[in-house]
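Whenever a hint applies, use it, and build me the whole structure from the sequences.
In terms of numbering that gives the first Met the number 0, the sequence shown has 328 at position 329, counting the first letter as 1, and numbering is strictly consecutive.
You may find that some hints are simply not true.
Derived pair list, reagent style BS3-like, types lysine-lysine, alpha-carbon separation capped at 27 Å [said to hold, decoys possible]: (1) LYS116 to LYS129; (2) LYS60 to LYS114; (3) LYS48 to LYS36; (4) LYS48 to LYS14; (5) LYS14 to LYS1; (6) LYS36 to LYS114; (7) LYS36 to LYS14; (8) LYS14 to LYS60; (9) LYS116 to LYS128; (10) LYS116 to LYS60; (11) LYS396 to LYS383; (12) LYS36 to LYS116; (13) LYS60 to LYS48; (14) LYS1 to LYS36.
The set of hints was computed from the structure by calculation and includes no laboratory data.
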Amino acid sequence: MKQILSVTQLNQTIKSMMDAQPILQNVCVRGEISNYKVYPSGHHYFTLKDTESAVRCVMFKGYASSLRFRPDNGMAVLAVGRVSVFPRDGAYQLYCSSLTPDGVGDLHVAFEQLKEKLASQGLFDPTHKKPIPAYPQMIAIVTSQAGAAIHDMLRILGRRFPLSTVRLLPVRVQGAEAPAEIVGAIRYANRWQLGDVLIVGRGGGSIEDLWAFNDERVARAIYDSLIPVISAVGHEPDVTISDYVADLRAATPSNAAELAVPDQQELRAALRSMEGALQQAMSKRLKLARQQLRLASSSSVLQSPTNYIQDRRMRLDAAYQRLLHLAETGINRKKQQFVRLTAALDAMSPLAVLTRGYSVAFDSRGHVLRSADQVSIGEALEIKTGCGSLQAAVTGKEEETYGAASENL
Numbered sequence: 000m001k002q003i004l005s006v007t008q009l010n011q012t013i014k015s016m017m018d019a020q021p022i023l024q025n026v027c028v029r030g031e032i033s034n035y036k037v038y039p040s041g042h043h044y045f046t047l048k049d050t051e052s053a054v055r056c057v058m059f060k061g062y063a064s065s066l067r068f069r070p071d072n073g074m075a076v077l078a079v080g081r082v083s084v085f086p087r088d089g090a091y092q093l094y095c096s097s098l099t100p101d102g103v104g105d106l107h108v109a110f111e112q113l114k115e116k117l118a119s120q121g122l123f124d125p126t127h128k129k130p131i132p133a134y135p136q137m138i139a140i141v142t143s144q145a146g147a148a149i150h151d152m153l154r155i156l157g158r159r160f161p162l163s164t165v166r167l168l169p170v171r172v173q174g175a176e177a178p179a180e181i182v183g184a185i186r187y188a189n190r191w192q193l194g195d196v197l198i199v200g201r202g203g204g205s206i207e208d209l210w211a212f213n214d215e216r217v218a219r220a221i222y223d224s225l226i227p228v229i230s231a232v233g234h235e236p237d238v239t240i241s242d243y244v245a246d247l248r249a250a251t252p253s254n255a256a257e258l259a260v261p262d263q264q265e266l267r268a269a270l271r272s273m274e275g276a277l278q279q280a281m282s283k284r285l286k287l288a289r290q291q292l293r294l295a296s297s298s299s300v301l302q303s304p305t306n307y308i309q310d311r312r313m314r315l316d317a318a319y320q321r322l323l324h325l326a327e328t329g330i331n332r333k334k335q336q337f338v339r340l341t342a343a344l345d346a347m348s349p350l351a352v353l354t355r356g357y358s359v360a361f362d363s364r365g366h367v368l369r370s371a372d373q374v375s376i377g378e379a380l381e382i383k384t385g386c387g388s389l390q391a392a393v394t395g396k397e398e399e400t401y402g403a404a405s406e407n408l
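Here you go:
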């Protein structure tokens, strides 16, 4: 008779058989991620599939915390882990211990993902970047005190611009603790205003060695820094997230020192050039002033001030006489004009006519009589002569048209 098993017994039996297979305890599977979910517990659940099949996968929180990139649907990966049965569902699944992007390293994927994220949030925006001061008095450097980078920077800074004060904020530049220390040093420098410019970086190394400068916390600390930041990480080909966020990217730590301060030799040469230009300008000005002084010293004013004053007095007297002559001429001309106008007015005045024996008659209303029909018999009249007036009355009148009489003549 066949043995009867419960469902649980069956699932446990299959699980035991699969757990006993060495090949299933450390297997690497290539596939494309789909249905990727992260539960509140921190466990990651997803499906790996290819063109024909699919397998359920789980990555527990402990393993998932070591991921350097963010898995996403459609991403091709290599999943390493063990295959076993989940007895409750009776389904086998891959219990992943590590996940690596297929074809590229996980650090490269993590770099591109963080770069895209920060770029979309504006952390690389050129309008946010601050100018580097031309002549910094204080320079703060966040790097390892044991590396060759700090010695190169100190040497170059001392040679190029010894007037600057350099403050070193020593930190670890690689390892799990490095990002937090770098962030703390940047914030400390800003809090106490330890520099006019801040150099953050380290010497060259592998991508793993430089990874602290690809950390999101470091990127945001650089972005939030009120002090302008020069990123100086690795060698020239090396590019980190810090390079994108910083106000200025240097190819190497030595190059950062060169970018942070001016070259005193170049400054001395520029000062010598300006000194020569100033000397030439002053020489030209002094030469012109000497010429003006020679002309002034040869003038009659300085040679004989009394003659100069007398000459000016004579000119003043001549001008006075000309003014008097012009005034008299103008007055005489006005007088003659006045006489002419007065004679013309007298010739036109009715009083002048009266003085020649003529008179003017006015009616009782004071109107000048120009014809006989303006008055009536018995009406009182006033007759003005050149030497007085007469009161009269109309006893008779006779009309005569002088215009018609003239025509008869």
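To see whether the hints hold, each was checked on the structure:
no. : hint             : result
1   : LYS116 to LYS129 : holds (22 Å)
2   : LYS60 to LYS114  : holds (25 Å)
3   : LYS48 to LYS36   : holds (15 Å)
4   : LYS48 to LYS14   : holds (22 Å)
5   : LYS14 to LYS1    : holds (21 Å)
6   : LYS36 to LYS114  : holds (23 Å)
7   : LYS36 to LYS14   : holds (25 Å)
8   : LYS14 to LYS60   : holds (22 Å)
9   : LYS116 to LYS128 : holds (18 Å)
10  : LYS116 to LYS60  : holds (23 Å)
11  : LYS396 to LYS383 : holds (19 Å)
12  : LYS36 to LYS116  : holds (19 Å)
13  : LYS60 to LYS48   : holds (22 Å)
14  : LYS1 to LYS36    : violated (43 Å)
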